[in-house]
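With the hints as a guide, bring the two chains together.
Keeping their order, the protein sequence lines are chains A and B. What the first sequence shows, in the numbering used here, is residues 1 to 202, in sequence order. What the second sequence shows, in the numbering used here, is residues 1 to 241, in sequence order.
I should point out that these hints are in silico values taken from the structure, not numbers from a laboratory. Be careful, since some hints might not be right.
When the alpha-carbon atoms are kept at most 16 Å apart in a straight line, the in silico EDC-like pairs for lysine to aspartate or glutamate are as follows [what the hints assert, rightly or not]: (1) A:K4 - A:E48; (2) A:K131 - B:E183; (3) A:K4 - A:E24; (4) B:K129 - B:D141; (5) A:K97 - A:E168; (6) A:K131 - A:E158; (7) A:K131 - B:E184; (8) A:K131 - B:E180; (9) A:K97 - A:D108.
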Amino acid sequence: MSVKHALLALLEQQPMYGYQLRTEFEQRTGTTWPLNVGQVYTTLTRLERDGLASAQGEDTEGHVIYRITDAGREEVATWFTTPVARTQPPRDELAIKLALAVTVPGVDVGTVIQQQRSATMAALQDYTRLKRQAGTTGLEPAELAWSLVLDSLVFAAEAEIRWLDHCEARLRRAAVEGARQGSPAQTAQTTQPGAPVERSPR
Amino acid sequence: MSADAVLRLSDVTRVHGTGPHQVHALRGISFTAYAGELVAVMGPSGSGKSTLLTIAGGLDQPTSGSVAVEGTDLTTLSLDARARMRRTSIGYVFQGFNLIPALTAAENVALPRELDGVSARQARAEARKALEEVGIAELADRFPDDMSGGQQQRVAIARAVVGDRRLVLADEPTGALDTETGEEILRLLRARCDAGAAGVLVTHEARHAAWADRVVFLRDGVVVDETGADPVDVLTDHAVR
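Next comes chain B alone, as it looks inside the complex (with noise of 0.2 Å):
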């Protein structure tokens, strides 16, 4: 039984800027994150763990280094099949909900389905599922003003995920939440994971890296422990599938 990685990155370097300037923001991080798995990355501010979450969602480019996502290593493609990774495999859920504000709720999350070409009656039936499996089936003609931040970042997670995408990435979304807000956030993220998709939180609250299966300590640029179930335990539940 082969193992079923989602995210694999392979010895990433990120180094921004020149000469005396450089900043290493990566220093050969290798990290994969296998389907029915929650990982979690911690760190203080300037770890380098966003950085590691826009080059895992393909917004970023590494240095150096392999990111493949289900297999297909995303620095070799070309800017469009990258972009389209993005909307077909990569989910991605920022702390600021970024919704648009001009579409309900249902519109935003059928969105990336609709950009990818399936008819707008199609991708509005997914959108309608992705907001039923986060719990907010009935404020689907809403407007993200007119809805609480917790609201707004399950129709942010229900956009991530519709279409079945199998890599959830999130760089702190709870940061803008109470913490029993920010507990139900997690909850569906856990959920998400435990029905088969790979999940990367970033964040710096331990509270919250809690919910996952690994942490991964990040500090400057470099992997410096890592706690949690062995991942070979975690493929034995999942790999049967």
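Pulled out of the complex, with its shape left as it was, chain A reads as follows (with noise of 0.2 Å):
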């Protein structure tokens, strides 16, 4: 996640001191991704290394306070109209399970499913419950901003969700469709849901 652009499009609005910004960014964010005081701090002084903003004296309570600079509007504006690069995927440790799941000998691949199924139901549950107490008429902006990131909690699980259904559904295909030809080598077989995995002798 890139602290630095969240902290300059804070500082767009208004010159703020580190706490401040730290309670800004969660009003938007909930506390789904957890910013310390401390990363806040050494973001700024980074961010004043570079000309991006710079320290504008303190308040009566020795805060001192950080405005943008011309060249962090520019950065910001940049951040806003760039997409996000995809070119890397991040590590997904639940597709990487799986992977190794659906190949290493004796390891049960349906319970696996269905345990990570159970669990990302759950959180999606959560999110839900979290959703239904928001509400969704009369929202401030801040209020908004977190509903939005609450909605994109629900998606990313409803698709972690869809997907496992997926790999569930093709796994059971290849079972039968591996015992149809004669069990090949290679060819993960479930014979019912929960089925443990076995790889065929070769």
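Dropping the structure here:
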């Protein structure tokens, strides 16, 4: 995640000090991606070094106030208009786990899928409960932002469950076809949902 | 305090056809929905989820097992008595809305009450109240064709709950709607359950199932897993009524 750009975008609204930036960030994103104050101050120091923000003295309570520079504004504008890069898919532990589960002998892939689906569904229920509490009407901009972040989590969890359903269906089909063709080697087999995947003898 | 089970399926099987063409749609399913609870049933096509719902709603009979709604076993009732249960205790929401095009929204909602022998005036009043609950009181005199899909589904929900029916069965109720409208429909179902009804929602979409307190996964006519709040926890909130 680009903490740098997120903080710069917040500074574009108004000059702020570190703790304030963290509060504003979390109002929009919940505590989905917690920022520690240390990280905020390190980032501010770097922004200042790169000429994207500058310290503007202290307020009455001694907080150092940061203000965005023209170069910083340009940086934010570029960030908003540039699509997030997808060149390198983030490492996906679940995809890796399943890829190994279908190839390593003796792993019960059906159970791996079902357990993951239950866990992801439980998370999806949690997100939905938060959405219900948030409501849908009369939202302040920061509340709307948080509810959109929640939607993002909801859609991602849904995608994972759909993918797991898809994996299950394909494995079952592969098992049926494998049985019909006399179980060629390398074919993962499940005789029924939840049955251990076995590799045929060579 | 006894458990307030509105729907209880015990060891239900449903076999279609005979001999070599036999299809086991449900294989010994036991399943309970309590008052105040929304339960989602998820599964791929052919997993038996729609069969489960039609049996729960008395639209189909199990091959074996029992189906109790508010303590009455539907399988032991005469056709007439079962039809009466469907009008008084069970509300059904379909993917395709199934409204009668020649009747206004209010008339569609009032129909099950009138069939049940309630006076036309009272049925109309109840229908207006139900439409108000789903947020479309002002559309009472519109015909289904003059309404959006989301509005028609709201009318269908009003029809399913009119007369204080406590079991609401929904079969892919958001299937024909866009994501935001679909969500409003789920909010309504949810609110109805929070107000004391028992709801069963059949869906293949995880995002919709997540509105439920419990999610039951069906595969080949068998419950393979269940997630969400322990039904006992759900009861403690609602049993004290």
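Here is how each hint holds up against the structure:
Taken as a hint, the K4 of chain A and E48 of chain A pair is honoured in the structure, with Cα atoms around 11 Å apart against an allowance of 16 Å. Between K131 of chain A and E183 of chain B the alpha-carbon distance is near 11 Å, which keeps this suggested pair within the 16 Å criterion. With a CA separation close to 14 Å, the supplied pair K4 of chain A and E24 of chain A stays within the 16 Å bound. Distance restraint check for K129 of chain B and D141 of chain B: the Cα-Cα separation of roughly 14 Å lies within the 16 Å cut-off, and the hinted pair is therefore satisfied.
The straight-line distance between the Cα atoms of K97 of chain A and E168 of chain A is roughly 14 Å, inside the 16 Å bound, and the hint therefore holds. For the suggested pair K131 of chain A and E158 of chain A, the alpha carbons sit about 15 Å apart, so the restraint of at most 16 Å is met. Taken as a hint, the K131 of chain A and E184 of chain B pair is honoured in the structure, with Cα atoms around 12 Å apart against an allowance of 16 Å. Taking the CA atoms of K131 of chain A and E180 of chain B, the gap is near 13 Å; set against the 16 Å cutoff, the hint holds.
Between K97 of chain A and D108 of chain A the CA atoms are separated by roughly 12 Å; this keeps the pair inside 16 Å, and the hint holds.
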